[in-house]
Amino acid sequence: MPPPTIAEKAELEKLLDKMNLDTGDVVLFDRKCNSMGVYGGVICHSAKLFGQTRWDHNGVIYKTDDGVGNLKLR
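Positions in the sequence shown are counted from 1; adding 20 to them yields the working numbering.
Bear in mind the hints are in silico, worked out from the structure with no lab data behind them. On a predicted model such as this, the values are computed, not experimentally measured, just so you know. It cannot be assumed that every hint is accurate.
[Stated by the list, open to error] Estimated spans, in silico, between C-beta atoms of each pair:
no.: 1; residue 1: SER66; residue 2: ASP37; range: 17 to 23 Å
no.: 2; residue 1: GLU33; residue 2: VAL58; range: 28 to 34 Å
no.: 3; residue 1: LYS38; residue 2: TYR59; range: 28 to 34 Å
Yeah, the Cβ is synthetic: ideal placement off N, Cα and C, and Gly gets one too.
Work out the full structure: start from the sequences and follow the hints.
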């Protein structure tokens, strides 16, 4: 999966700001597995199938004191 574009990062930052998330909050992802490459799609579908859940990825929010522009996507 290619790294996110600058526009995608900006859109995500705006969305996260609206959600008023704080350090320690857990974010669950329900990605479209079929839109990924073969390897990523297999892992995504497997996570959902064997985990018996619709979520295939998760993250934990960590905010720093300087606030804006510290979003790290991995």
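Hint-by-hint comparison with the structure:
Taken as a hint, the range 17 to 23 Å is violated for the pair SER66 and ASP37, whose Cβ atoms sit roughly 33 Å apart. Take GLU33 and VAL58: their Cβ atoms lie about 30 Å apart, and the range 28 to 34 Å holds. Distance hint for LYS38 and TYR59: a CB-CB separation of about 33 Å, consistent with the stated range 28 to 34 Å.
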